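Visitor: One letter stands for each residue in the lines below.
Number of protein chains: 2
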Amino acid sequence: MGVKINKKVEDIIKEIKFDDRGLVPAIAQDVKTKEVLMLAYMNRESIEKTFQEGVVYYYSRSREKLWKKGETSGNIQKLKGFYYDCDKDSILLIVEQVGVACHTGNYSCFFNKVLETKYKNINIIEELYSLL
Amino acid sequence: MGVKINKKVEDIIKEIKFDDRGLVPAIAQDVKTKEVLMLAYMNRESIEKTFQEGVVYYYSRSREKLWKKGETSGNIQKLKGFYYDCDKDSILLIVEQVGVACHTGNYSCFFNKVLETKYKNINIIEELYSLL
Numbered sequence: 004m005g006v007k008i009n010k011k012v013e014d015i016i017k018e019i020k021f022d023d024r025g026l027v028p029a030i031a032q033d034v035k036t037k038e039v040l041m042l043a044y045m046n047r048e049s050i051e052k053t054f055q056e057g058v059v060y061y062y063s064r065s066r067e068k069l070w071k072k073g074e075t076s077g078n079i080q081k082l083k084g085f086y087y088d089c090d091k092d093s094i095l096l097i098v099e100q101v102g103v104a105c106h107t108g109n110y111s112c113f114f115n116k117v118l119e120t121k122y123k124n125i126n127i128i129e130e131l132y133s134l135l
Numbered sequence: 004m005g006v007k008i009n010k011k012v013e014d015i016i017k018e019i020k021f022d023d024r025g026l027v028p029a030i031a032q033d034v035k036t037k038e039v040l041m042l043a044y045m046n047r048e049s050i051e052k053t054f055q056e057g058v059v060y061y062y063s064r065s066r067e068k069l070w071k072k073g074e075t076s077g078n079i080q081k082l083k084g085f086y087y088d089c090d091k092d093s094i095l096l097i098v099e100q101v102g103v104a105c106h107t108g109n110y111s112c113f114f115n116k117v118l119e120t121k122y123k124n125i126n127i128i129e130e131l132y133s134l135l
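Protein chains in written order, with the numbering used here: chain A, 4 to 135; chain B, 4 to 135.
Keep in mind the hints are simulated off the structure, nothing from the lab. Accuracy of the hints is not assured; some may be wrong.
Same chains, same label: a pair holds when it works inside one copy or across any pair of copies.
Result set (SDA-like, lysine to any residue): computed pairs, CA atoms no more than 25 angstroms apart in a straight line [claimed, not checked]:
{"no.": "1", "residue 1": "Lys121", "residue 2": "Gly57"}
{"no.": "2", "residue 1": "Lys10", "residue 2": "Tyr110"}
{"no.": "3", "residue 1": "Lys35", "residue 2": "Gly25"}
{"no.": "4", "residue 1": "Lys37", "residue 2": "Tyr110"}
{"no.": "5", "residue 1": "Lys116", "residue 2": "Tyr44"}
{"no.": "6", "residue 1": "Lys20", "residue 2": "Lys35"}
{"no.": "7", "residue 1": "Lys10", "residue 2": "Thr107"}
{"no.": "8", "residue 1": "Lys71", "residue 2": "Asp14"}
{"no.": "9", "residue 1": "Lys10", "residue 2": "Val103"}
{"no.": "10", "residue 1": "Lys17", "residue 2": "Gly73"}
{"no.": "11", "residue 1": "Lys121", "residue 2": "Arg64"}
{"no.": "12", "residue 1": "Lys11", "residue 2": "Gly25"}
{"no.": "13", "residue 1": "Lys17", "residue 2": "Gly102"}
{"no.": "14", "residue 1": "Lys35", "residue 2": "Glu48"}
{"no.": "15", "residue 1": "Lys10", "residue 2": "Lys121"}
{"no.": "16", "residue 1": "Lys35", "residue 2": "Phe21"}
Keep in mind the model is a prediction, meaning the values are calculated, not measured.
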């Protein structure tokens, strides 16, 4: 198992700026739909385990321990991409979500709508015409 | 200006769980490409200003003040969607990005690649066949 990456995990961990609790926020985005699924926190150990096993581990702030996403529900997240930002203090995980991401049964944790988006989806017919 | 929403801003602010600094992490996602652009923090005032003006305000932790995204660069973010998560402690903003999101000149702040994703884009021809 595990994933092949372009740096040593220890070097990635050295670069990332963890907060005073030793945590960094991590966004999980769906590799197929690009939907944002959740935001959780990672510590050094959870990043190591994520690369070792190829499935996402977070750090649970409420339970104060390492948390393998989907450990009890089976709704694991297979790691497909790993990015960090310009300030090196947040992470973007691209994942293949098994089942649903949210413990409520929703696919994404961001189901509370205040202002709902009409995504500007590319119209398949228009795109086809552009190919002719 | 401003945006029409399905709740009073004061009620949204009451629902959201701010941390001990009065902040909540907010993810900005592009309305057209669905690319994740950045992660920053909002306080109560920045949420109010965002709905009032229809463009995104954050709270700058380094400058310790309200921060209108793109105020100096012109690279503003027009608000197109606003969601919060199951735990009510993180926000997802859907935005129309003017120019680029990152101060480095990159479109997204998440340009540091450790493991690069090959997005599973829907094949236009396959989708067309499925419609026949």
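Visitor: Check each numbered hint against the structure and report the violated ones by number, ascending.
Guide: Numbers 3, 6, 9, 10, 11, 13, 14 and 16 - these are the hints that the structure violates, sorted from lowest upward.
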